[in-house]
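> Okay, here's what each chain looks like letter by letter:
Protein chains: 2
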Amino acid sequence: MDIEQSSLFREHHDYRWDEVTCLPYKEDGAAPFKAISRQVLFAEAQLGCELRYFEMDAGGYSTLERHEHMHAVMILRGHGLCLVGEDVRPVKPYDLVTIPSWTWHQFRATEGEPLGFLCMVNTLRDRPQLPDEQELAALQAKPAVAAFLAR
Amino acid sequence: MDIEQSSLFREHHDYRWDEVTCLPYKEDGAAPFKAISRQVLFAEAQLGCELRYFEMDAGGYSTLERHEHMHAVMILRGHGLCLVGEDVRPVKPYDLVTIPSWTWHQFRATEGEPLGFLCMVNTLRDRPQLPDEQELAALQAKPAVAAFLAR
Numbered sequence: 000m001d002i003e004q005s006s007l008f009r010e011h012h013d014y015r016w017d018e019v020t021c022l023p024y025k026e027d028g029a030a031p032f033k034a035i036s037r038q039v040l041f042a043e044a045q046l047g048c049e050l051r052y053f054e055m056d057a058g059g060y061s062t063l064e065r066h067e068h069m070h071a072v073m074i075l076r077g078h079g080l081c082l083v084g085e086d087v088r089p090v091k092p093y094d095l096v097t098i099p100s101w102t103w104h105q106f107r108a109t110e111g112e113p114l115g116f117l118c119m120v121n122t123l124r125d126r127p128q129l130p131d132e133q134e135l136a137a138l139q140a141k142p143a144v145a146a147f148l149a150r
Numbered sequence: 000m001d002i003e004q005s006s007l008f009r010e011h012h013d014y015r016w017d018e019v020t021c022l023p024y025k026e027d028g029a030a031p032f033k034a035i036s037r038q039v040l041f042a043e044a045q046l047g048c049e050l051r052y053f054e055m056d057a058g059g060y061s062t063l064e065r066h067e068h069m070h071a072v073m074i075l076r077g078h079g080l081c082l083v084g085e086d087v088r089p090v091k092p093y094d095l096v097t098i099p100s101w102t103w104h105q106f107r108a109t110e111g112e113p114l115g116f117l118c119m120v121n122t123l124r125d126r127p128q129l130p131d132e133q134e135l136a137a138l139q140a141k142p143a144v145a146a147f148l149a150r
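So the protein lines, in turn, are chains Y and D. Numbering that gives the first Met the number 0 numbers the first residue of the first sequence as 0 and each following residue consecutively. Numbering that gives the first Met the number 0 numbers the first residue of the second sequence as 0 and each following residue consecutively.
So that you can see chain Y by itself, here it is in the shape it has in the complex (with noise of 0.2 angstroms):
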C-alpha cells in the first residue's frame, strides 16, 4: 500500500474496511486451509510491519505451519480455539496470541460463529513450513492436539 495512494482515513463496516480489498488466505493452492480470507490493513514499508485481519467462516481453520518470522495476533471477532506448540487455548475478542519463531501454529473456528484476528508481522519474513508425517504424528502425541487437530 502507497500512502499517496490510500485515505488517511478508512471506515470500517461488518469487518471489511474502505480501500481494503478481501483477498484469498494464500495464493498458494498447496497448503491446506479452509473457509479464510485475508485482508491487508496496513503494509506501509517504513513501518517496518504490516497489520492483517484473517477470517475465519464457522467451522474453518488456518494453515497449521511454522517459520521463522513471529506473529503478534490479538483475537478481534468470535470465540475459536488456536493451538501454539503444543498449547490449544479457547480464544475470544481482544486476546493476545504469541507465535514464537518455528512454532506449529493453527487457528479453528469451533463455536459456531466467524472467527476473525489481527496479526502483525515483520515486513521481511520467510515462507511457512508444513509439518512432515512424522512432525505431524509428533504433534498428535499429545491428546489434547490430536483432538483440536481432528475437528
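It should be emphasised that the hints constitute simulated quantities derived from the structure, not laboratory data. It is possible that some hints are incorrect.
Treat identical chains as interchangeable: a pair holds within one or across any two.
As the list claims (entries may be wrong) - Capping the alpha-carbon separation at 20 angstroms, the derived lysine to aspartate or glutamate pairs in EDC-like fashion look like this:
no., residue 1, residue 2
1, Lys33, Glu10
2, Lys91, Glu10
3, Lys91, Asp13
4, Lys33, Glu110
5, Lys91, Asp125
6, Lys91, Asp17
Place chain D on chain Y using the hints.
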C-alpha cells in the same frame, strides 16, 4: 518485552490485558494531554514494530504533535474525533487512521465515553515535536481545526 518472560496467551479483560502494565501516557510531563493511559501489547524486537493500546477517559485527549515516524491506528473502543493534518473526522470502533510523517495529529474523546485505539509504530522512531505559537496559529486558521482544538 522478552518472549521468554511473557505468556503466549494473554487474556483480555475490559480493555486490560494479562501481564500488560497500564502506564502513564508519557513519562515526560512537558507535553499537554489529559486522562490518557498506555499499554504496550507487543514489543518484541524481531517484529520490527510495536503494538500499543491508548485509552482516554471521556473528555480526555492525546498530545497535539508530529514526528518523522508514521502511526498506523485502529480504533478499538468508543467514539471521538481525530485530527490528522487539517482533517477532523469522527471515529468509531475498528476504523483505520494513517498518520503520515510530519503530520500534526491528536485524538479527543468528545462523545462522553472512553476512546481507545491500537497504534502500530516502528521500533526505531524519533521523538515527537510540539507546535510552536506560529504553527498552532496556522492550524487554527482552519475553522474546523480551531473548533476541534477548543473542545
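> List, from low to high, the hint numbers that the structure doesn't satisfy.
1, 5
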